[in-house]
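Line by line, the protein sequences give chains B and S. Take -5 as the starting number for the first sequence in this note's numbering and just add one per residue. Take 2 as the starting number for the second sequence in this note's numbering and just add one per residue.
Derived from the structure by calculation, the hints contain no laboratory data. It cannot be assumed that every hint is accurate.
[As the list claims (entries may be wrong)] Once the Cα atoms are required to be at most 25 Å apart in a straight line, the calculated DMTMM-like pairs of lysine to aspartate or glutamate come out as:
no. : chain 1 : residue 1 : chain 2 : residue 2
1   : S       : Lys55     : B       : Glu53
2   : S       : Lys55     : S       : Glu73
3   : S       : Lys3      : S       : Glu43
4   : S       : Lys55     : B       : Glu154
Note that this is a predicted model, so its numbers are computed, not measured.
Okay, here's what each chain looks like letter by letter:
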Amino acid sequence: MNEQELIIGIQQNNPLAYKVLVSKYRVSIVNTCMGFVHNNDDAHDLAQEVFLEVFQSAEKFRGDSKLSTWLYRIAVNKSLNFLRSNKKRSLMKSIEQFFKSEKNSTYEIADSEQASAEFDLLNSEKARLLHQALESLPENQRIAFILSKYDDLPYGKIAEIMDVSLASVESLLFRAKKNLQTKLVNFYKK
Amino acid sequence: MKCNEIHNHILFFVEKQLKAEQLQAVELHLQTCSACRQLAEEISQTLDLIHLEKNNSSDDVFFEELMLQQNEKRVQSASTLFLAKSQKTLEVLKIAAVISFGIFMGVLIGNKLQSNQTDFAQSETEFVQELFNNTDLAYESVEEYLAENN
Ligand SMILES: [Zn+2]
């Protein structure tokens, strides 16, 4: 099934086309989302939303860009929106916690830490540092870095997804690494 | 190179993105500086976490779950479409009812004025009978009917 056949298949709600698309791009799309949210369940849910949107709006797909480009763009947008709404939610939560008793809140923090412990103890500090450093990057640098490191996409593909020039991608990635370097060196240097 | 200069290149060293000249200088420094060696190791371990986060499993449940959600969405959108359509039909029926009532009343009043008979009840009965006996009415459009009656 080539790309054109795949698109037509999806537009006609063909289950085989759905399956081909998902088996081809599931891992990549989950990885993209993971680069933003760093949590397996959220990345899984977001990736499902990405494919659902593709199935629902396949009719509108004009073929100006490749199907994969479209998929990655939806994944980036959904992940960023998820983080934005999450930020609002966690702000509300911290306000709520402020009014709760001290004992209660320490218990909750310990609990949530335990729940998100996907790495061992040594790595969890490093993981938090990495996530914080990534989150502190300007949005375009972060998108370029995630597409490059979490999806191993070539610069040309990143340029297509972000709709910028190849030189811009190189510059974004260079600046992203410089910024990460500053954060990590400041944290680790003795 | 001094430690501070190494710090400006260390992530690129870890990422193997240094040019030959810089690479040589950094390697030379690391041979003699354990603090920078340690730093390079920490940064390397931190960036390696990205590979651990990546999803490499084959997940069959993903597609099944997706299809369930897709079917749910389709049922939802189909039912909202049905609702919207039936609401539209209801609107059209309401308008049709109002128009037919209007025509009926118009004809009724018109007929009554033309009629010399004083017995309203009788004339009404006659009119209703006439209306039902008039088979032509069924084939006439509203416009034609109104034109004839004007
Ligand atoms: Zn040093």
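Cross-check of the supplied hints:
no.: 1; hint: S/Lys55 - B/Glu53; verdict: 31 Å, violated
no.: 2; hint: S/Lys55 - S/Glu73; verdict: 29 Å, violated
no.: 3; hint: S/Lys3 - S/Glu43; verdict: 19 Å, holds
no.: 4; hint: S/Lys55 - B/Glu154; verdict: 23 Å, holds
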